[in-house]
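**Student:** The chain contents come next:
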Amino acid sequence: MNREWTAVDPARFAEFKRENLAGVDVTLAVSPYDVPDGIRAYYQDSLRRLVIEFRYLGLEPYRRVRNADYVALRIGKNSERLYGVEVDVIGAGAQWVSLTLRAIEKQVQTRKACGPNFNYDIAKRLLTEQGQKLRQAAG
Amino acid sequence: MRHYRVRKWLYKAIGWVEAGSSALIVPLAALLRLDPAKIRVHPLLAPLLLWLLGLAPILILMLALCGGASALARRLITSPQMLAIIQSILNRLQEETFKEENDTGEPLHDHRVTIFKHCRRLFRLGGWLVPVARSGHITQGTEIIFRAGDNPTKLEGIAGRAWALASAVVVEDLPDLNHRSSPATWEKSIEEYSTRTFVTSEWLRRRLSQGKPLALSYYGIHVEVRGAKWGVLVIDSKKPKAKVGPADLTRYRFVAGLLEKVLEGM
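For the protein sequence lines, the chains are F and U, in the order given. Just so you know, the first sequence maps onto residues 1 to 139 in this note's numbering. Just so you know, the second sequence maps onto residues 1001 to 1266 in this note's numbering.
Please note that a few of the clues may not be correct.
Restraint ranges, calculated between C-beta atoms of paired labels, are given here [to be verified]:
no.	chain 1	residue 1	chain 2	residue 2	range
1	F	R66	U	D1176	49 to 59 Å
2	U	K1261	F	R12	47 to 57 Å
3	U	H1179	F	R66	26 to 36 Å
4	U	T1104	F	S46	58 to 68 Å
5	U	R1205	F	P61	27 to 37 Å
No lab work stands behind these hints, which were simulated from the structure alone. As the structure is a computational prediction, the values presented were derived from the model and not from experiment. Positions of the beta carbon are idealized from the N, C-alpha and C atoms, including for glycine.
Let the hints inform the model, and build the full structure from the sequences given.
**Tutor:** Laid out in structure tokens, this is it:
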């Protein structure tokens, strides 16, 4: 089983958002903690699912969130960062990427932490760009 | 950062108390196992030995308590070695981030990196961001602390905002308050500065009256340990633009990784 990480260049994600905080316009920049430097995909036999994981600076325990059919998200217990997705690719069929993106969108709406959603945006971008390739690599 | 030398000395002194207590417990415990009838000592030392034997149990208890209290106190004070490591990381970040400015001879204190730890204080309600270390060798005695509790209306400074948002907060092109302008412009600039940096104008005036420098740009970012917020890192500069390009993100990421490993032990 290939569980090698594919390197991701964090510098690609130096993004900004203008937001109004308490009546003051400020620029919010992506946090170094929210940018993954690696991504990998593998089939987990015990779950019978394709698992796509994101690697960040630090590790933290995560909880599973099932807010859509065929998809479960791994959400960091402290930071609410997206650590991975578990997808039933057979059940989801060809639409598995869009279903995963929709599950992430739902998670953004139910998120308790305040602040921008840079991490989810980056994860969505990576899944859109590399989802199919990662699935093929997972075997 | 306040009373750094006193803290350093205190940390050492408590360490000596801890080591001394442990070292004395061993011979005293050994003494308890001795049978006074079976040992031969000089007649002059015998009363002293008997006195020590009588006191040994209570002395052992007192030394154990003393050692335990010292160990606890040392955990509450950041070790000077740890502070030195954090300081060197901040210095390195300052050097790399402001390489051009440093090379052209601009003073180090015009571009600084400060790390704040989030603390909950007993007599001050809510959370506070307290400075732990700052790059460079001057402006070290800062007493600045920012409110960073659960109430979003009471967050103070760029640090407070970065803490609450768990994101990087950038404020640029602030009015230059280091040079006095006409009264009307001056008042307007103070208002603008205080609003954009989330501090009160009174606080700002106090700093100005103390001759404290004020930056023209800020970059504040929360610091994490194992995904949980630990504190905030603030980079302030007399350059109107903050360093937030792709290369800067890579650098901050590297430093954040280093800090996480170091701060795990704090």
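**Student:** Against which earlier hints does the structure fall short, listed by number upward?
**Tutor:** 2, 3 and 5
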